[in-house]
Amino acid sequence: MSDEVVIGLEVHVQITSLRTKLFCGCSSNYRDRPPNTNVCPVCLGLPGVLPVLNEKAIEKAVAVALALNSKISEKIVFVRKHYFYPDLPKNYQISQYDRYGLVPVATGGRVVIDVGGLSKTVRIRRINIEEDTGRIVYPEKTVLGSKYALIDYNRAGVALLEIVTEPDFRSPREARIFLEKLASILEHLDVADTSLEGAMRADANISIGGRARVEIKNIGSPRDLEKALSYEITRQLNIVKSGGTIERETRHWIKERGMTVPSRAKELEGEYRYFPDPDLPPIPISKELIERVASSLPELPDSRAKRIAKEYGIGDYMASVLVLNKRLCDHFEHTARTCGNPKLISSILVNEFLRWLDEADIPLSTGILRLSADRLCKLVQYFEKGIVSIKLLKEYVRLAVLEDKDPDDLVRQGITTIGEEEELERIVTEVFEENPKAVSDALRDPKAINFLVGQVMRKTKGRADPKIVNEIIRKRLVEYGSK
Amino acid sequence: MDAQMDWNKLVKHLSDLALVDLQEDEIEPLLRDLEKIIKMINAVNELTVAEDIEPLYTTFFGDVNLRDDAEVGESTDIEKVCAVRERIENGYVKSPRTL
Amino acid sequence: MFPPQCSQNSLISSLSIRALREKVREDPDFLFSYIEEIYKVIEKHEHQLRAYITVRPKEEVLRDAEALLKSNNLGPLAGALIAVKDNISTSGIRTTCASRMLESYIPPYDATVITRIKNAGGIIIGKTNMDEFAMGSTTENSAFYPTLNPWDLERVPGGSSGGSAAAVAACEATAALGSDTGGSIRLPAAYTGTVGLKPTYGLVSRYGLVAYASSLDQIGPIGRYVEDVAIMLEVISGHDPKDSTSLKVAAKDYGSYVVDRPIKTYRIAVIEEMVEEGVDREVMAVFNKTLERLESYGLSVEFRKMPIIRYSLPVYYIIAMAEASSNLARYDGLRYGLAQEVEGRLWTEVYKRVRSMGFGKEVKRRILLGTYVLSEGLYEGYYLKAAKVRRLLYEEFMRLFKEFDLALSPTSPILPPRLGEVIDDPLKLYSLDVNTVPINLAGLPALSVPGGFIRGLPVGIQVFGPHFSEGWLLNVARLIEVAGK
Ligand SMILES: [Zn+2]
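Residue numbers (this note's numbering), protein chains in the order written: chain A, 1 to 483; chain B, 1 to 99; chain C, 1 to 485.
This is chain A alone, in the form it adopts within the complex:
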């Protein structure tokens, strides 16, 4: 049995750019409000109330469908999806469905992602418009420790888009890149601010080597998606290795513990009793609306990548990574325009900045505050003037991102590259005297030079420019050799 990994995603995105909820006039910005103060008879599902669709939601859904190359349905058909749960005020969710002649807002579509320089097409299955639920909290912080639960309905009724992919991913990395790309598309479209807590949630289906499919719920970010899937693959392979079998089940990703756990098996899962919502007859999506939205679509990640690659001469790969995040790309363009050297800036952002953010799980917005355009420009200048080497520059980026250190302060503290040749000559002499064997090795084998360079770098605590050190050592070796 092969161990091919097959992953599909169901992504829920709040249309945070809407001012109000999907079917009532309550604010869609429920964050930071006292519990249950952003509610009305409609979103609380009081007896006798009726939903009235937010017209703007249609435009947003159409924009997303166009951006994902999906086929837009002729009409919007809402259905009721039934399940009981305390966070669901009507005990049914107004959603969409794709059987019995009912249609979601859009079907099909594709997103092209760049996986380590190779492009890959991910197929979209469908896009639904639906309403969000309320939130459950526990008085004793944990589910098990609490005698009861507490519900906040402020979020209930917020507009969501559900975007479902075909099972086209073969690795956690691919799934992550897709989710980043999708988030970026939504940001470019001004549909959602995916950086807001809970604004983008993913459920993943994973099956390894054709074994049972496991669904993982409650994944809150691209980073967590990759982690959850990697965890799940290891977990499943360990079970298989020890002779066990994989059960078809639903698991929950617990971010804090970095693991997936079985979620309480819902006996009656799948019995959603869909039928068209009689309170919301079908709403035609006019050709005019589609044309209007299409003609005002903003620049999207793919065309932006092409443009910036050309405009800044930074190479397709760099460009494809930068456009995975609208704010990052904005940051890049702004900085590059202000202080030039786009190649260096893109390389800093893609290779260093993102790495540290990911490692320390720092939000991009915080990262951008720390490695501001201003600081980035200064770094570029220090590098160009030879005050910091490329190696030190990387260290500066690390300190800025992780510790909010200002490059100016670091320079003031004297953490700079040793550019004075005399000083370096002196240190090289020291190293040669301390390592005669290494010197003779290097005379025979030029590859052994690296050891000597390393020794110099150690003595200078990394402040030397390795390129210059290399040159000095080579020159000195030639002198030695001729002796």
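Since the hints were made in silico from the structure, they are not lab data. Take every hint as true, because none was put in to throw you off.
Every beta carbon over 10 Å from chain B, so not counted as near; a handful from chain A, in silico:
| no. | residue |
| --- | --- |
| 1 | 115 |
| 2 | 166 |
| 3 | 259 |
| 4 | 287 |
| 5 | 454 |
Taking lysine to aspartate or glutamate and the EDC-like style, the derived pairs with C-alpha atoms no more than 20 Å apart in a straight line are:
| no. | chain 1 | residue 1 | chain 2 | residue 2 |
| --- | --- | --- | --- | --- |
| 6 | A | 459 | A | 421 |
| 7 | A | 147 | C | 349 |
| 8 | A | 391 | A | 352 |
| 9 | A | 147 | A | 87 |
| 10 | B | 12 | A | 271 |
| 11 | C | 361 | B | 16 |
| 12 | C | 248 | B | 68 |
| 13 | A | 391 | A | 404 |
| 14 | A | 81 | C | 380 |
| 15 | B | 39 | C | 380 |
| 16 | A | 394 | A | 352 |
| 17 | A | 287 | A | 74 |
| 18 | B | 12 | C | 349 |
Remember, it's a predicted structure, so these values are computed and weren't measured experimentally. Glycine included, C-beta positions come from ideal geometry on N, C-alpha and C.
Following the hints, position chains B and C with the ligand against chain A.
Same frame as chain A, but now just chains B and C with the ligand:
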């Protein structure tokens, strides 16, 4: 619906789905009635309907009302809308355990 | 003709909306004596009739009257005391749907129809009894008590808007609001000798009507006179942005149709299946006499077959029960309605307990059956199939109304049943609605108007027509009303 249908099992399944329990004295008459009613509604199966007939889900044929994306100021505190004070704790609605 | 509860000593209690309005405009203080008179009837008869679930205290109503007179808002309903079915949301007034589930529920908002009635100068006098969540045809399914028929206290007033119809018939209110999903306005109107109208689907806002079967429900008026129903309809109809299924049509002057001559040489159809088997001979006699009278106005009457109409009951029950099971899912006791201790208990257990205690037998039956017809694997055979047959039925009606302007039938195949007579047999109970449910399935307007009496019991005639034909229906109803006098 075949005659072998286990009515008790069906009723149990439905009452789990709908979260409606039946009192002891309700079950017998309900089973009796259910069979009658299901027979009555099964009459639609006598009728052959062409494949291409569009189902009619509503008799509303006008333009569906839509709403501007504007707050209307009707949103308020839950205590003013519905919940009774005893059911509220620090602004939250109290709910039974979910696990 | 009114039942004994009305007008023993004076004609005040049976005043029409227009007569009351004119008197109040002439002499505002008359309103206070009118209110006193109506409360006298209530005090005398309500303990027997039990038309209401909540009667507002007289003092409160008198205060409303004072405020009304002060505001000088003497609109079309000036001073009219309107009884409202207890499934229509009234801000600050308990709205129970005749269910234990909502026994103490006080809504924070007014249904759109309530706002309109108040704006037109009407005063809400109370909330009327009904079958629980409007599921029933006799008002015996109220969780609290059955309402009796004012014409014969051993009989039912029909349902589910039985309380509204009985209150109006017995002069315990000027007029009333009911709701009609499969005949719930027309059947009680027929059984109580009142006039009840179910409007075209979408003509009257459903915002605030506690949903039973959303694609079939409509609010409509019940009155003692055709004219009262016309005035009420004019007040409550018209576009409402809070209801996605509210039609964008201008309000009509329905009163102008209430004249004693036909404003058009109507071509009237009688669907044979609606007068064939199951219809009581005496009811048929009244019906035939009505046809003769209409013919005497020079109107034509022709019989037509419409075999598909026989499927109306199964189609209706599949759709209504499915939608009901969905609409009633929200009653879980968390935010409003019947509450249960939650601490230390599992949510499914608490939900089940609340819903088992809160819902009555018929409601549970329909929730379970609705769940059944929507469940995986059965959907296509029931709900989808029913929706397709509904289309066929609808198209048949459209064809009929290309050839005819209106159609007539007996509202109910039988006279008002005695209490307990049909309640224990669901099929018998459901068959009371055999002539009324097809109308809701097609979204058509229909009304019931008294066509005559048999041994002191009223017989209702159903008049129905194409969408938006309310004016014609009222005109023909007026002709029938005049003939009955
Ligand atoms: Zn709301």
